[in-house]
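**Student:** Below, each chain spelled out in residue letters.
Number of protein chains: 2
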Amino acid sequence: MGEVAPGDDLAEHIWKAMEASGVTPEQGDLLVVAHKVVSKAEGRVVNMAEVQAGPEAVRLAEETSHTPQLTQLILDESREVYPYHDRGILMSRHRLGWTCANAAIDHSNAPQGQAILLPLDPDESARRLRAALEERTGVSMPVLISDTHGRPLREGIIGIAVGCCGLEAVKNYVGRTDRFGQRLNVSREAVADELCSAASLCMGQADESVPAVLIRGYAYTPAETGTAPLKRKPERELFHPACDKREGGEQL
Amino acid sequence: MGEVAPGDDLAEHIWKAMEASGVTPEQGDLLVVAHKVVSKAEGRVVNMAEVQAGPEAVRLAEETSHTPQLTQLILDESREVYPYHDRGILMSRHRLGWTCANAAIDHSNAPQGQAILLPLDPDESARRLRAALEERTGVSMPVLISDTHGRPLREGIIGIAVGCCGLEAVKNYVGRTDRFGQRLNVSREAVADELCSAASLCMGQADESVPAVLIRGYAYTPAETGTAPLKRKPERELFHPACDKREGGEQL
Numbered sequence: 001m002g003e004v005a006p007g008d009d010l011a012e013h014i015w016k017a018m019e020a021s022g023v024t025p026e027q028g029d030l031l032v033v034a035h036k037v038v039s040k041a042e043g044r045v046v047n048m049a050e051v052q053a054g055p056e057a058v059r060l061a062e063e064t065s066h067t068p069q070l071t072q073l074i075l076d077e078s079r080e081v082y083p084y085h086d087r088g089i090l091m092s093r094h095r096l097g098w099t100c101a102n103a104a105i106d107h108s109n110a111p112q113g114q115a116i117l118l119p120l121d122p123d124e125s126a127r128r129l130r131a132a133l134e135e136r137t138g139v140s141m142p143v144l145i146s147d148t149h150g151r152p153l154r155e156g157i158i159g160i161a162v163g164c165c166g167l168e169a170v171k172n173y174v175g176r177t178d179r180f181g182q183r184l185n186v187s188r189e190a191v192a193d194e195l196c197s198a199a200s201l202c203m204g205q206a207d208e209s210v211p212a213v214l215i216r217g218y219a220y221t222p223a224e225t226g227t228a229p230l231k232r233k234p235e236r237e238l239f240h241p242a243c244d245k246r247e248g249g250e251q252l
Numbered sequence: 001m002g003e004v005a006p007g008d009d010l011a012e013h014i015w016k017a018m019e020a021s022g023v024t025p026e027q028g029d030l031l032v033v034a035h036k037v038v039s040k041a042e043g044r045v046v047n048m049a050e051v052q053a054g055p056e057a058v059r060l061a062e063e064t065s066h067t068p069q070l071t072q073l074i075l076d077e078s079r080e081v082y083p084y085h086d087r088g089i090l091m092s093r094h095r096l097g098w099t100c101a102n103a104a105i106d107h108s109n110a111p112q113g114q115a116i117l118l119p120l121d122p123d124e125s126a127r128r129l130r131a132a133l134e135e136r137t138g139v140s141m142p143v144l145i146s147d148t149h150g151r152p153l154r155e156g157i158i159g160i161a162v163g164c165c166g167l168e169a170v171k172n173y174v175g176r177t178d179r180f181g182q183r184l185n186v187s188r189e190a191v192a193d194e195l196c197s198a199a200s201l202c203m204g205q206a207d208e209s210v211p212a213v214l215i216r217g218y219a220y221t222p223a224e225t226g227t228a229p230l231k232r233k234p235e236r237e238l239f240h241p242a243c244d245k246r247e248g249g250e251q252l
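Those protein sequences? They're chains D and Y, same order as listed. FYI, in my numbering the residues of the first sequence are 1 to 252. FYI, in my numbering the residues of the second sequence are 1 to 252.
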């Protein structure tokens, strides 16, 4: 796919790329789109030189290796920032509810001196994209908007969903039975994240220029709850003692 | 695939299932296998009634809804257990290095009264399976052994790798360039986990009876480092203040 510019019709870009690749969407297909092209089309691109850093950003920037401008952007995109950490990365809770490094602000695959923010409302972006693609293809496809995030307790980034429409993001197995007829009590699978991870394997992280992946053959469950089911409330967090570096567990 | 019993030749089960499905492995394919069938074949199945719970297990069981027997198994499988949490789940650092709920001990798809543990050395199990399948198929396929784990900060379990042979588990993009020729500085992608997540979408979590998935068309990088690159050292943990429920970040 070619470069996407602010104000571009992303559905048209994707539709053209599908035609060029000989892909014809069918009922049951779903589409994973990298947030970066959604953000570019929606103009969520910031010229770093134009950012005015306030005193809080200047103070926090001194504790990290970030510029005051990037720090200001992180503050603007976050509900909460966590205490400064020794590797110079600002962890924050993004205004959308995700906890991630540097508020998911991205410099790779952005023109020099520019930064890419997450879409304002990625679930809504997914809905708009689905509608615009349905006009062209005649097929109403669920759309996932993906990003790659780091994670606690494991190395390596993976594809996750930051936007979703048309499918159940978390599949509930509670009440179903296993091979032995036993009732499953807790299994809830984050299929939206798994689908984005699968797509990420096809997208790559460098200059591959594959920002959209069509997935065929996955029997999704239709739903319109967006990404809300993926957002853990802090009071449901189970891992917190395991993440704490100051206080170890009980050595065995 | 049929039920796997302790002592069974798992490669033979998988080979037969491939033949029955008309799947012929080709060079470049890789195989994801659910740990559950590996553990069953290796006899890592415990009759809960035979477990002798010690005093530590009895004490911890009082604080959770677990039986002393299950608590003993969790202690036996862990390096470290974390302080008891209000939802009755014991979080621990597994002897293999993973942090997960209840030491990844599984009751679903196990016969009544039995529990399934992770393989003793899943990387070694993967190597043995690769060799045994090569004898039958003539193709040396990388093997991933998968489990589904919960994660901090997001809802829903996803497929992850607990065993790996023949491919680079974490793909290093550092030094590669993006579309604008800028050098990537930090991107390391946990492709082993993404591949297991993709396979998990085909396996399901209930009575689907699909414990092995052949992946074709993914250009993996050959390597023999197993799952070690996926294991984060506690001193590299970035998310810990974000996981802490007791101490919030700075509200914006």
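Treat each hint with caution, since some may be false.
Since the list gives no way to pick one copy over another, a pair counts as held whenever it fits inside one copy or between any two copies.
[As the list claims (entries may be wrong)] List time: in silico EDC-like cross-link candidates among lysine to aspartate or glutamate, alpha-carbon distance up to 16 Å:
(1) 233 / 77
(2) 16 / 134
(3) 231 / 121
(4) 231 / 155
(5) 16 / 3
(6) 233 / 155
(7) 233 / 244
(8) 16 / 135
(9) 231 / 168
(10) 233 / 80
Because the hints were derived from the structure by calculation, they are not lab data. No experiment lies behind these values; they were computed from the predicted model shown.
**Student:** Against this structure, judge whether each hint is valid.
**Tutor:** A quick look at each hint next to the structure:
1. 233 / 77: Neither: 19 Å inside a chain and 29 Å across chains, both beyond 16 Å.
2. 16 / 134: within (14 Å within a copy, 42 Å between copies)
3. 231 / 121: For residue 231 and residue 121, only the intra-copy Cα distance (15 Å) is at most 16 Å; the inter-copy one is 34 Å.
4. 231 / 155: Cα proximity of residue 231 and residue 155: across copies only (6 Å, versus 21 Å in one copy).
5. 16 / 3: Within. Shortest intra-copy distance 13 Å satisfies the 16 Å Cα cut-off; inter-copy 47 Å does not.
6. 233 / 155: So residue 233 and residue 155 pass the 16 Å test across copies only (9 Å; inside, 23 Å).
7. 233 / 244: between (18 Å within a copy, 12 Å between copies)
8. 16 / 135: within (14 Å within a copy, 46 Å between copies)
9. 231 / 168: Close inside one copy (13 Å), not across copies (30 Å); limit 16 Å.
10. 233 / 80: within (14 Å within a copy, 26 Å between copies)
The structure does not agree with numbered hint 1 stated previously, though it agrees with all others.
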